[in-house]
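Novice: Please construct the entire structure, taking both the sequences and the accompanying hints into account.
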Amino acid sequence: MEKVNEILSAAGISASDEAQKSAIRACYGKLIEDKRIQDIASENDAHQLAAASAFQQKGLLALLGSAQESQEVYTALSSDMDNVDTVLQALAALLVAASNDARVKKELES
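For the sequence shown, position 53 matches number 53 in UniProt numbering, and the numbering has no gaps at all.
Think of the hints as simulated: they come from the structure by calculation, not from any bench.
Hints should not be assumed to be uniformly reliable.
[What the hints assert, rightly or not] In silico DSSO-like cross-links for lysine-lysine, where the CA-CA straight-line distance does not exceed 27 Å: (1) K21 with K105; (2) K58 with K35; (3) K106 with K30; (4) K58 with K30; (5) K106 with K3.
Specialist: Given below as C-alpha cells:
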C-alpha cells in the first residue's frame with residue numbers, strides 16, 4: 001500500500017487507505033482468477049513475476065478493467081436520486097449493523 005500511496009501523493013491525490021485497498025483488491029481479484037498468472041507466481045519471486053511479459057500485459061488489463069468497472073459502479077450508484085437514496089439506506093443499515101455486532105464490523109473493515 002505504501003507504493004500506491006507514493007504514486008497517488010506524487011500525483012497530488014489524497015485517497016483513503018480503503019480506496020487504495022479497494023483498487024489493489026480489485027486488480028488482485030482479476031489476476032488471481034488467471035491460471036497462467038497463478039502458475040507464474042508459484043514458480044517465481046515477486047521481481048521475476050513483475051518482469052514477466054504475461055504478467056505485465058494481464059496486470060495492465062486488470063488495472064484498466066478494474067478502473068472502468070469502478071467508474072461504472074459509481075456512475076450507476078450516483079446517476080439519480082433514487083439510486084442515491086437506495087445506497088444511503090443500505091449504508092445506514094450497514095453502519096447500524098456494525099455498531100451492534102462486532103462480527104459484522106470486523107467483516108466490513110477487513
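Novice: A separate judgement is required for each hint: does it hold in the structure or not?
Specialist: Hints versus structure:
no., hint, in the structure
1, K21 with K105, "holds, 17 Å"
2, K58 with K35, "holds, 12 Å"
3, K106 with K30, "holds, 24 Å"
4, K58 with K30, "holds, 9 Å"
5, K106 with K3, "holds, 25 Å"
Violated hints are absent here; each numbered hint is respected by the structure.
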